[in-house]
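Take a look at the letters that make up each chain.
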Amino acid sequence: MIRTQITTPWSLALLALLSLEARAAEPKRVLMLHAYNYTFPATSTIADAARKRLLERLPNMIEIDAEFLDLARNADASHEARAATFIRDKYGKYPPDLVMTLGSAALPFLVKHRDTLFPNTPAVFTSISPQTYAAVRPPPDVTGIVTDFDLAKTLSLAEQLQPEARRLVIVAGSAEIDRRWQAIARKMVEGHQRKFETTYLFELPYSELAAKLSSLSRDTIVIVLTVLADSEGKAFVPAAVAGDLSALSAAPVYGPYDTFIGRGAVGGFIETFESVGIAAADMATEILEGKAPSAIPPRTTPSQHYRVDYQAMQRWGLKEGNLPPGTVVMFKQPTIWDEHRGAVLAGLFVVGMQGVLLSALLIQRRRRARFENLLLASEERMTFAAAATGIALWQLDRDTNNLWVTEHCRKLFGIGKDVPVTREALLANVHPDDVEIASRAIQRSFDTEQASVTDVRIVPPDNEVRWIRIRARRNSGDNGRPEKVSGIFIDVTDQKLAEAETALQRREIAHLMRVSVLGELSGSIAHEINQPLTAILSNAQAALRLLGKKSPDLEDVRDALEEIVHEDNRAGEIIHRLRYLLKKEERKLESVNINDLVRSTAALLHNELIARATGVGLDLENRPLLVTGDPVQLQQVLLNLLMNAMDAMASTPLARRHILISTRGAESGLMEVLVKDQGAGIRPLESGRLFEPFFTTKDHGLGLGLTICSTIAQAHGGRLTLVNREGGGAIAGFSLPTQAPAVDAA
Amino acid sequence: MTEKFTIYLVDDDPGVLKALSRLLRARDYEVKPYSSPQLFLAEHDVAVPGCAVLDVAMPGLDGLELQRVLTASAGSHRPVVFITGKGDIPTSVRAMKAGAIDFLTKPVNDTDLFEAISHAEASDAQSRRLQLELESIQAKMETLTPREREVLLHVVAGRLNKQIAGDLGTVEKTIKVHRSRMMEKLGVRTVADLVRMAGVLNLSK
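If you're matching them up, the sequences are chains V and X in order. Position in the first sequence counted from 1, then plus 1460, gives you my numbering. Position in the second sequence counted from 1, then plus 31, gives you my numbering.
Don't take each hint at face value.
Derived DEER-like restraints, expressed as beta-carbon distance ranges [claimed, not checked]:
hint, chain 1, residue 1, chain 2, residue 2, range
1, X, Gly118, V, Gly2188, 34 to 42 Å
2, X, Gly118, V, Gln1965, 35 to 43 Å
3, X, Glu96, V, Glu2146, 31 to 39 Å
Each computed EDC-like pair below joins lysine to aspartate or glutamate, with the alpha-carbon atoms no more than 20 Å apart [claimed, not checked]:
hint, chain 1, residue 1, chain 2, residue 2
4, V, Lys1672, V, Glu1657
5, X, Lys63, V, Asp2016
6, V, Lys2010, X, Asp59
7, V, Lys1944, V, Glu1884
8, X, Lys117, V, Glu2068
9, V, Lys2009, X, Asp59
10, X, Lys117, X, Asp141
11, X, Lys117, V, Glu1980
12, X, Lys63, V, Asp2019
For the record, the hints were derived by calculation from the structure and aren't laboratory data. Heads up, the beta-carbon is just placed ideally off N, CA and C, and yes, glycines get one too.
With the rest of the complex left out, here is chain V (with noise of 0.2 Å):
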């Protein structure tokens, strides 16, 4: 009885233990308020984390309910009143400690219906845009995690593994959050630095976007938003549209939402609804810890990152190279390599020691013998490709003065197989006026680090001559002093023969310019030449004749003989100018005035001019204007352009033809002739192609004149311009640089 006496209290100790305990351990309550059904991804991913989390944070002290609000599929107000009035019949007597909204749709609907629900229990919500955020304004003790989409970094991802890509398509349905993301979705492409030719697919039935997305070209980005409705009425789940779309399209897809990937999409800037449960859920446990929610401001986007999924990436080709630095790559199987790294390394290494231990003596042995055959062989290559293209390698000592050389040198020197290949030997063949040009080149590359270039002439015995091209350059030893110098000998006699060909015939086609337009004077120079020639006959005539009388004039007959050796003089000369104009000599350099070679080129043409009725005038610089050039070309120059401008002025009145040369110096170091004529100037047809070879104005022209004019001016630095005359007429120029002016007594 005792022991029952006793085990009684015990009992009601206990009990009274267990219930304090239980009153003291009762759970805290928490409803998951989900927008949409229970197989919507984003929120049961969410809710999932959630549940997780706060079961880890405050173990044993939690009970969680789940209401599936279904507010998607049933748009209704009457149903959203339903189901408030539902809610509130259930969870009425017991309140829960707190709510948890999931999805967007969700606040709203607790905001809306709380006074009549739950007034005082506070609630964290999920999934909410800054817009919805904005827009709800929900009370202080209502907090939670605010989402905010980055789309232009979905679309900056997209642009960075599709760099060809031109278009761009955007999804997205007809429900009330999918035109929230239309708008978002404008505003971002409007606001986008590459301009892309955008189409949106809103507002479509599902069929008719399914038949587009799967009818575009590669080269274009999609972009799925949420469609949780088309423009028929039909609720869709996104993440499963966005798998759909992302399997019939002919385009990588991308979207703004963690569930979109692992179904086809390729990625995005996401925030893991995983991260947003979490982070929503350690709120909840803050708050149910006894923390005031109004302490506890709402939190934007935790951790948002590039997504992207290692299939769908495969899929479309896409390199993980262009994937901006952080993205977080998903789904990627890892290799061997990857997972048992450690060990591989491990194993190559053991191996690889081993073998290079059992190698390293066989190496230590063959080695010398290799590389010497190498070495041999690498020699014989380049010395056979040398001798190949016609080019002999050489090199010279500074100290020992020995030379060495490849067999092709032989040939190029024309040295004999019997004897040595030695400096002296090399030299023997040199044409005796390059040795020391030679010898100068190789000697000056030992004191400068360019490379020299040297052209001599060559002297085989019984040959003809060849010319060598010597390039040399010096080798510093590894005191940086200059040891060594080497470099090629190239046979470069055809090039220098086709040089000089050209060279040639240019100056063959100049002087048969000057002889063609000589031959047109031929006429007015033999009248030239008789002026002088006539006054000698005369004179001399006459003085036979005073001679002959009985008192001669002696006066008058020295007067006749000076006359005669005046006159000679005027003949020679005008055929001394003739000779200089038809001789074939290279050019001279020689310094030149400029005014008097127009007036003995006026003079040359003083017939001619008279034969043509032409008139001209002299208006020439005060001072000498010197210039340094050839003074047969400069007066074939000169020579020409007086014979266009009287060419020019074969149909113009008698008493209008008239050139006027005019010379003037300018400050600027050039001088320039200028040739005006009153002819008929030049056709804006012509005037582009004047300075063309074999194009002429005229009925016999050959076209070469004017080509060659210009080819000469160029040669002396200047430059021969033809332009129309103010007033008719055409204005020949010839623009040469003066020499520096002469130093002035003045």
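Using the hints provided, position chain X relative to the given structure of chain V.
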């Protein structure tokens, strides 16, 4: 002849002008040298006997044009000798057709030049003689009465006195009187002289 035969020399080349002047003067010609056609034309006097020696190629007015100007000026029958540095055939043909005495190519040999000038001298003298004769015949013709002139034309045409009387409606005797008075006035004695005189005057038509 009161004035000496003068050579008008025109050449734009001063050396040639001087030399030719010297040569002609050495042959004792009177020479007037001109370095341009304009200077020559300004001083030229038709009355002075002489000839022109002209260069063909000259600036401004060439020799052939100068020849034309000379021929065109009334009363001038100045003989012209051309000298040219460029003796081309078309120019020489034109010059000769226009009445040039000769067309010489430079350098001119003195004998050729003198020969041409003596031709010119003869031509000038003859044309001057003809001119004088013409002038004296014309003066005599002025003294004839209209009837005597009519008779003159018929005589020159070879008509007999009887025929002339018939033509003019008079008697042979009257015609005889007119005829002898007319021949007296003109200073001819034979019909042959009369015909020659008429030829000079070109009266045959």
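Margin query: I want to verify a distance hint. Is the separation of the beta carbons of X:Glu96 and V:Glu2146 within 31 to 39 Å?
Written below: Holds: the Cβ-Cβ distance is about 36 Å, inside 31 to 39 Å.
Item checked: Given hint X:Asp59 paired with V:Lys2010 - CA-CA distance at most 20 Å -> holds (13 Å)
Note to self: Does V:Glu2068 sit within 20 Å of X:Lys117, going by the straight-line distance between their CA atoms?
What the structure shows: Holds, at about 12 Å.
Check: Is it true that the C-beta distance of X:Gly118 to V:Gln1965 lies inside 35 to 43 Å, as the hint says?
Finding: Holds - the Cβ-Cβ distance for X:Gly118 and V:Gln1965, about 39 Å, lies within 35 to 43 Å.
Check: Going straight from one Cα to the other, do X:Lys63 and V:Asp2019 come out at no more than 20 Å?
Finding: Roughly 19 Å between the alpha carbons, so the hint for X:Lys63 and V:Asp2019 holds.
Notebook entry, point to check: Is the straight-line distance between the alpha-carbon of V:Lys1944 and that of V:Glu1884 20 Å or less?
Noted result: Given pair V:Lys1944, V:Glu1884 holds - Cα atoms ~18 Å apart, limit 20 Å.
Notebook entry, point to check: Taking only the CA atoms, is the gap from X:Lys117 to X:Asp141 under or equal to 20 Å?
Noted result: Cα-Cα ~18 Å, so holds.
Next item on the list: For the pair we were handed, X:Lys117 and V:Glu1980, check the Cα-Cα distance against 20 Å.
Entry: Distance ~14 Å between X:Lys117 and V:Glu1980 Cα, so the pair holds.
Check: Between X:Lys63 and V:Asp2016, does the CA-CA distance stay at or below 20 Å?
Finding: Satisfied, since the Cα-Cα distance of roughly 17 Å is no more than 20 Å.
Next item on the list: Would you mind confirming whether the straight-line C-alpha gap from V:Lys2009 to X:Asp59 stays at or under 20 Å?
Entry: holds (11 Å)
Item checked: Restraint check for V:Lys1672 with V:Glu1657, where alpha carbons must lie at most 20 Å apart -> Between V:Lys1672 and V:Glu1657 the Cα gap is close to 15 Å, so the pair holds against 20 Å.
Next item on the list: Confirm or reject the claim that X:Gly118 and V:Gly2188 have a C-beta distance inside 34 to 42 Å.
Entry: Given range 34 to 42 Å: holds, Cβ gap about 37 Å.
Taken one by one, the earlier hints all hold for this structure without exception.
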